Amino acid sequence: MSTRKSGALKGLLAAAGIASAALFATPALAELKGLEIIAPASPGGGWDQHARALQQVMQDQKLASGVQVTNIPGAGGTIGLAQFATAKKRNPAILVGGQIMLGAIVTNKSPVTLDQVAPLARLTGEYTAIVVPTDSPIKTFDDLIKKFKADPGSVSWGGGSAGGSDQILAGLIAKAVGVDPTKVNYVATAGGGELLASALGGHVTLGMGGYNEFAPQFQAGKLRAIAVSAPQRLPGTDTPTLKEQGVDLEFANWRAVFAPANLKPAERKELEEAVAKTVASDQWKQLLKQRDWIDLYQPPEQFAAFLKEERARIEGTLKDIGLVK
Amino acid sequence: MDTLAALGHGFLVALTPYNLLFSAIGVTVGTAVGVLPGIGPALTVALLLPVTYGLEPTSAFIMFAGIYYGAMYGGSTTSILLNAPGESGSIVTAIDGHAMARQGRGAQALATAAIGSFIAGTIGTAALTFVAPLMVKLALLFGPAEYFALMVLALTTVTAVLGNSLARGLASLFIGLALGLVGIDLQTGQARLAFGVPELLDGIDTVVVAVGLFAVGETLYVASRHRFETEEIYALKGSKWMSREDWSRSWKPWLRGTFLGFPIGALPAGGSEIPTFLSYLIEKRLAKKPEEFGKGAIEAVAGPEAANNASAAGVLAPLLSLGLPTSATAAIMLAAFQQYGLQPGPTLFDSNPELVWGMIASLYVGNVLLLVLNLPLVGFWVKLLLIPRPWLYAGILVFSSLGAYTLNNNVVDLVILWVIGLLGFGMRVLNVPVAPCVVGLILGPLAEQQFRRALAISQGDATVFITHPISAALLGIAVLLVVGPMLLRRRQRNAEAAGTPHSSSHSTV
Numbered sequence: 004m005s006t007r008k009s010g011a012l013k014g015l016l017a018a019a020g021i022a023s024a025a026l027f028a029t030p031a032l033a034e035l036k037g038l039e040i041i042a043p044a045s046p047g048g049g050w051d052q053h054a055r056a057l058q059q060v061m062q063d064q065k066l067a068s069g070v071q072v073t074n075i076p077g078a079g080g081t082i083g084l085a086q087f088a089t090a091k092k093r094n095p096a097i098l099v100g101g102q103i104m105l106g107a108i109v110t111n112k113s114p115v116t117l118d119q120v121a122p123l124a125r126l127t128g129e130y131t132a133i134v135v136p137t138d139s140p141i142k143t144f145d146d147l148i149k150k151f152k153a154d155p156g157s158v159s160w161g162g163g164s165a166g167g168s169d170q171i172l173a174g175l176i177a178k179a180v181g182v183d184p185t186k187v188n189y190v191a192t193a194g195g196g197e198l199l200a201s202a203l204g205g206h207v208t209l210g211m212g213g214y215n216e217f218a219p220q221f222q223a224g225k226l227r228a229i230a231v232s233a234p235q236r237l238p239g240t241d242t243p244t245l246k247e248q249g250v251d252l253e254f255a256n257w258r259a260v261f262a263p264a265n266l267k268p269a270e271r272k273e274l275e276e277a278v279a280k281t282v283a284s285d286q287w288k289q290l291l292k293q294r295d296w297i298d299l300y301q302p303p304e305q306f307a308a309f310l311k312e313e314r315a316r317i318e319g320t321l322k323d324i325g326l327v328k
Numbered sequence: 002m003d004t005l006a007a008l009g010h011g012f013l014v015a016l017t018p019y020n021l022l023f024s025a026i027g028v029t030v031g032t033a034v035g036v037l038p039g040i041g042p043a044l045t046v047a048l049l050l051p052v053t054y055g056l057e058p059t060s061a062f063i064m065f066a067g068i069y070y071g072a073m074y075g076g077s078t079t080s081i082l083l084n085a086p087g088e089s090g091s092i093v094t095a096i097d098g099h100a101m102a103r104q105g106r107g108a109q110a111l112a113t114a115a116i117g118s119f120i121a122g123t124i125g126t127a128a129l130t131f132v133a134p135l136m137v138k139l140a141l142l143f144g145p146a147e148y149f150a151l152m153v154l155a156l157t158t159v160t161a162v163l164g165n166s167l168a169r170g171l172a173s174l175f176i177g178l179a180l181g182l183v184g185i186d187l188q189t190g191q192a193r194l195a196f197g198v199p200e201l202l203d204g205i206d207t208v209v210v211a212v213g214l215f216a217v218g219e220t221l222y223v224a225s226r227h228r229f230e231t232e233e234i235y236a237l238k239g240s241k242w243m244s245r246e247d248w249s250r251s252w253k254p255w256l257r258g259t260f261l262g263f264p265i266g267a268l269p270a271g272g273s274e275i276p277t278f279l280s281y282l283i284e285k286r287l288a289k290k291p292e293e294f295g296k297g298a299i300e301a302v303a304g305p306e307a308a309n310n311a312s313a314a315g316v317l318a319p320l321l322s323l324g325l326p327t328s329a330t331a332a333i334m335l336a337a338f339q340q341y342g343l344q345p346g347p348t349l350f351d352s353n354p355e356l357v358w359g360m361i362a363s364l365y366v367g368n369v370l371l372l373v374l375n376l377p378l379v380g381f382w383v384k385l386l387l388i389p390r391p392w393l394y395a396g397i398l399v400f401s402s403l404g405a406y407t408l409n410n411n412v413v414d415l416v417i418l419w420v421i422g423l424l425g426f427g428m429r430v431l432n433v434p435v436a437p438c439v440v441g442l443i444l445g446p447l448a449e450q451q452f453r454r455a456l457a458i459s460q461g462d463a464t465v466f467i468t469h470p471i472s473a474a475l476l477g478i479a480v481l482l483v484v485g486p487m488l489l490r491r492r493q494r495n496a497e498a499a500g501t502p503h504s505s506s507h508s509t510v
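Chains as they are written, first to last, in our numbering: chain A, 4 to 328; chain B, 2 to 510.
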């Protein structure tokens with residue numbers, strides 16, 4: 004938006020002007036102008052919320068100005084990824100993404116992969132809880148595994164979309180306890196409310212999803228968490244980890260940001276610094292606390308190494324489950 | 002009594018001039034986004050979230066609730082006047098609502114939609130106030146088997162929109178079912194009928210199909226026939242008020258629509274389309290003149306419009322009492338609760354009574370504001386139809402294309418819209434009804450997913466559909482709805498054949 008608009012137009016643009024006035028007040032030195040944050044999902048989901056959180060903090064911290072969030076939903080983020088990787092951008096841009104994208108790239112046979120973008124930082128993550136209704140005959144994770152080993156088909160695992168994080172974790176657990184991963188009776192839902200309702204109503208044996216998504220139901224005594232995929236028990240909770248219960252697994256549904264691959268080193272450095280400063284700010288830390296997001300920040304090199312391992316693990320599991328040949 | 006006291010306090014919160022202002026902003030913005038196809042309440046609330054960060058949570062939620070209700074109201078306007086449904090909940094409204102508009106009864110259609118929405122919204126909000134916990138208990142009884150049965154029941158709506166030829170009607174239904182298969186299969190993650198086009202992986206949006214078939218298809222058809230015959234479109238014929246007959250034909254559908262919409266809206270996989278389908282079906286079955294359906298029956302506007310607004314109230318029941326989001330808008334409102342550090346879910350009523358009851362009270366207030374906003378505008382809206390035909394239709398095309406593009410900011414949606422528009426044109430030329438196609442597109446994939454989920458959980462035992470009582474009951478009703486009228490007709494024919502021989506000419510329709 005230009006500041007040279009005529010007086011008459013200014014009146015019309017009053018509402019927009021209030022929003023932009025803050026940006027023009029004190030321009031910092033190394034400010035990214037017109038940064039575009041691509042959320043490859045519909046408004047409201049985790050990726051969209053991360054994009055909007057970044058937008059808010061980067062603007063407030065004067066790390067970037069005129070930040071725009073663009074939603075390009077579809078196909079587990081691969082449509083947004085493809086558009087991001089192939090677009091010729093004049094403005095700086097970053098892409099929000101996460102673990103689900105890894106699986107979606109393989110199952111959707113996406114022509115564009117994460118090789119065509121540059122890892123910028125891992126931001127946050129969520130550990131998966133395995134939950135059962137309070138009145139379920141399954142009281143512990145051991146009960147579950149006994150039932151699962153005796154008759155794999157009798158355990159229906161309710162979770163998010165096919166090939167997503169929840170199904171991958173189910174496959175990993177099956178493999179770890181020595182059951183054929185193709186025997187997992189996975190029931191895919193649209194996630195969110197639909198999954199919660201099937202778990203609460205006892206229509207599936209167990210539900211899988213982000214710990215915090217279920218947390219209010221634990222407090223109300225309607226659902227019980229029998230395991231969490233974190234390395235240690237989550238602060239303030241007494242849900243035992245998978246590791247404690249004999250399954251040597253750690254699993255986080257992480258979210259990250261990526262940069263275009265074809266940037267000049269100086270340009271990439273600029274983006275890296277902006278993101279690093281964003282996550283170091285008190286405002287970001289407070290925001291994480293407020294939203295119950297777990298800080299899993301990794302700088303570019305570390306994240307790139309993690310990404311390589313994670314890709315191998317996820318692609319391997321998808322083959323084990325039989326979703327990918 | 003506690004509830005009433007809490008609600009009374011809620012009204013004190015909602016009626017402060019400050020909150021009243023936000024309610025007014027909400028319903029106005031909501032009506033506007035409801036009118037535009039492509040921009041829905043979910044996107045609007047998401048866009049407003051960062052803007053409302055500095056507001057009191059109560060004021061923000063009062064505004065969001067206003068947007069949600071307003072969008073349900075606004076969606077009917079374009080359905081009726083332009084045959085371009087703004088929201089999937091108002092697709093059914095287009096069938097008879099637009100037919101009424103073409104006969105110069107657009108004002109009555111808009112009025113019955115507005116008043117029906119008001120009544121449904123008010124009763125729905127009352128139900129939310131008093132029976133929300135009960136509804137939620139009921140909703141949790143619904144598993145995949147029950148949902149499948151509900152979808153089958155809704156699919157019987159097809160019998161009400163098949164038109165004169167069974168073969169043509171079924172052809173249309175199967176086109177819809179096939180279109181519904183496009184995209185990633187939820188259960189296996191495999192792509193179906195996507196032909197390697199990544200944009201098709203998430204399936205074809207129902208609003209794009211409905212706008213393509215209804216608005217674009219018809220526009221092309223009218224343009225192709227314009228040289229040969231010009232059908233007269235009246236903006237307004239006679240009074241713009243509803244006649245005594247309109248009232249007496251509307252009030253029962255309003256109530257029936259409300260009682261369908263609220264409980265189905267409260268179901269986690271219910272949605273706003275299914276009650277509108279069922280309402281259409283029931284009204285046709287109960288109507289004194291079922292032959293008017295599809296040609297501008299006021300019941301067919303009154304019922305579904307009430308149903309979609311009542312379902313909007315129903316959606317809030319599991320959201321507020323369990324923290325269960327059952328629609329895209331509800332999911333974003335849940336995110337908004339979290340933004341304010343509020344714990345949505347079973348404890349919200351106790352921990353933030355002011356917010357919850359203020360919001361519920363604001364729904365009552367919003368309903369009144371919506372009626373005040375919409376009824377006087379009826380006379381203004383119908384003037385749209387006075388625009389010269391070529392301009393009006395060009396306008397509809399631009400408007401539809403714009404809507405399809407904004408949906409995902411994607412050119413592929415535009416191509417889909419136009420291909421479907423050509424399909425709709427072809428169907429109109431060949432006299433194939435388009436409504437069954439939309440019914441198939443919406444219900445087919447839902448029914449399929451629930452069917453497969455039910456079988457996965459039962460490990461392939463198909464008897465779950467009959468051993469679960471709710472499922473068995475719903476399937477039984479569905480069978481009755483299909484077989485009943487056939488038997489009735491046969492008995493009638495036999496009776497007529499036995500009675501006066503020449504009266505059989507009546508039953509040829």
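Simulated from the structure, these hints should not be mistaken for lab results. One should not assume that every hint holds.
[Stated by the list, open to error] Computed Cβ-Cβ distance ranges for the label pairs, DEER-style: (1) A:157 <-> B:487: 38 to 48 Å; (2) A:193 <-> B:487: 34 to 44 Å; (3) A:156 <-> B:132: 35 to 45 Å; (4) A:252 <-> B:287: 54 to 64 Å; (5) A:283 <-> B:352: 26 to 36 Å.
[What the hints assert, rightly or not] List of simulated lysine to aspartate or glutamate pairs, EDC-like, C-alpha gap at most 20 Å: (6) A:328 <-> B:186; (7) A:112 <-> B:203; (8) A:225 <-> B:186; (9) A:322 <-> B:186; (10) A:288 <-> A:275; (11) A:112 <-> B:449; (12) A:112 <-> B:186; (13) B:138 <-> A:197; (14) B:138 <-> A:138.
[Stated by the list, open to error] Cβ-to-Cβ under 8 Å is the rule here; a few derived chain B residues that face chain A: (15) 44; (16) 142; (17) 144; (18) 198; (19) 202; (20) 206; (21) 409; (22) 470.
Just so we're clear, the structure is a prediction, and the values are computed from it rather than from any experiment. Beta carbons: idealized from backbone N, C-alpha and C, even for Gly.
Here's how the hints hold up against the structure:
no. : hint                        : verdict
1   : A:157 <-> B:487: 38 to 48 Å : holds, 42 Å
2   : A:193 <-> B:487: 34 to 44 Å : holds, 37 Å
3   : A:156 <-> B:132: 35 to 45 Å : holds, 38 Å
4   : A:252 <-> B:287: 54 to 64 Å : holds, 58 Å
5   : A:283 <-> B:352: 26 to 36 Å : holds, 33 Å
6   : A:328 <-> B:186             : holds, 17 Å
7   : A:112 <-> B:203             : holds, 14 Å
8   : A:225 <-> B:186             : violated, 31 Å
9   : A:322 <-> B:186             : holds, 18 Å
10  : A:288 <-> A:275             : holds, 18 Å
11  : A:112 <-> B:449             : violated, 24 Å
12  : A:112 <-> B:186             : holds, 14 Å
13  : B:138 <-> A:197             : holds, 15 Å
14  : B:138 <-> A:138             : holds, 15 Å
15  : 44                          : holds, 5 Å
16  : 142                         : holds, 7 Å
17  : 144                         : holds, 4 Å
18  : 198                         : violated, 10 Å
19  : 202                         : holds, 4 Å
20  : 206                         : violated, 11 Å
21  : 409                         : holds, 6 Å
22  : 470                         : violated, 15 Å
Violation of the numbered hints given earlier is confined to hints 8, 11, 18, 20 and 22; the remaining hints are satisfied by the structure.
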